[in-house]
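A.B. asks: So the sequence shown is numbered by the working numbering: it starts at -13 and just counts up by one.
Treat the hints loosely; a few may be bogus.
[What the hints assert, rightly or not] Cross-link-like lysine to any residue pairs, in silico, SDA-like; alpha carbons within 20 Å at most:
1) K29 with Q8
2) K81 with S128
3) K85 with V95
4) K16 with T30
5) K81 with T99
6) K25 with T62
7) K85 with A75
8) K94 with T62
Worth flagging that the hints you see were computed from the coordinates, not collected in a lab.
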Amino acid sequence: MIVLLVILALIVAVYGTLWAAQRPVHQAQKTAYSLATSKGKLKTTTGFSQYNGNQSYYVVTGTAAKQEPVYALINTNKHHQTTVVKQSAGISRTKALRKVWSKRNPSKVIKATLGKYDGQVVWEITYLNQKQNLCYEILQYSNGSRVKSIINI
-13 MIVLLVILAL
-3 IVAVYGTLWA
7 AQRPVHQAQK
17 TAYSLATSKG
27 KLKTTTGFSQ
37 YNGNQSYYVV
47 TGTAAKQEPV
57 YALINTNKHH
67 QTTVVKQSAG
77 ISRTKALRKV
87 WSKRNPSKVI
97 KATLGKYDGQ
107 VVWEITYLNQ
117 KQNLCYEILQ
127 YSNGSRVKSI
137 INI
């Protein structure tokens, strides 16, 4: 009986810890979805990520009027400036990843997210190179050209 209670207590402790750790992410997602529909005029929201460059952004994937696929980039500052871009206006996440794979041959891609860098919408690809050093590749969203590379951090 004591063993069962200890196992139950461990399960509850692990679940509680995981829930508490995920709470800020879930709250950010809830806030981002609300801002995307109110400020960005998105009709549906289907995805969420965060970008942390010079400024932080919530990035929401969804649809606008006439079911057009868009991204809403919401600055996390108190004014929540929102930029909405059509998915068709730039390169896809897959194409951005292919560019990095073909030029840099990373051993592992850690994250690929949309964001804003120097006022322009960009894809930021975070990866480990063959020497297991952290690297960043920032590509312009509209055409995939390289904006900045940070190698071997």
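A.B. asks: Decide, hint by hint, whether the structure agrees.
C.D. replies: Outcome of the hint check:
1. K29 with Q8: Roughly 26 Å between the alpha carbons, so the hint for K29 and Q8 is violated.
2. K81 with S128: Holds, at roughly 12 Å.
3. K85 with V95: Holds - the C-alpha atoms of V95 and K85 are around 12 Å apart, at most 20 Å.
4. K16 with T30: holds (13 Å)
5. K81 with T99: OK: K81 and T99 at ~12 Å, within 20 Å.
6. K25 with T62: Measuring from Cα to Cα gives roughly 13 Å; hence the hint holds.
7. K85 with A75: holds (17 Å)
8. K94 with T62: Violated. K94 to T62 sits at ~28 Å, over the 20 Å cutoff.
Hint compliance for this structure: hints 1 and 8 are not met, and every other hint is.
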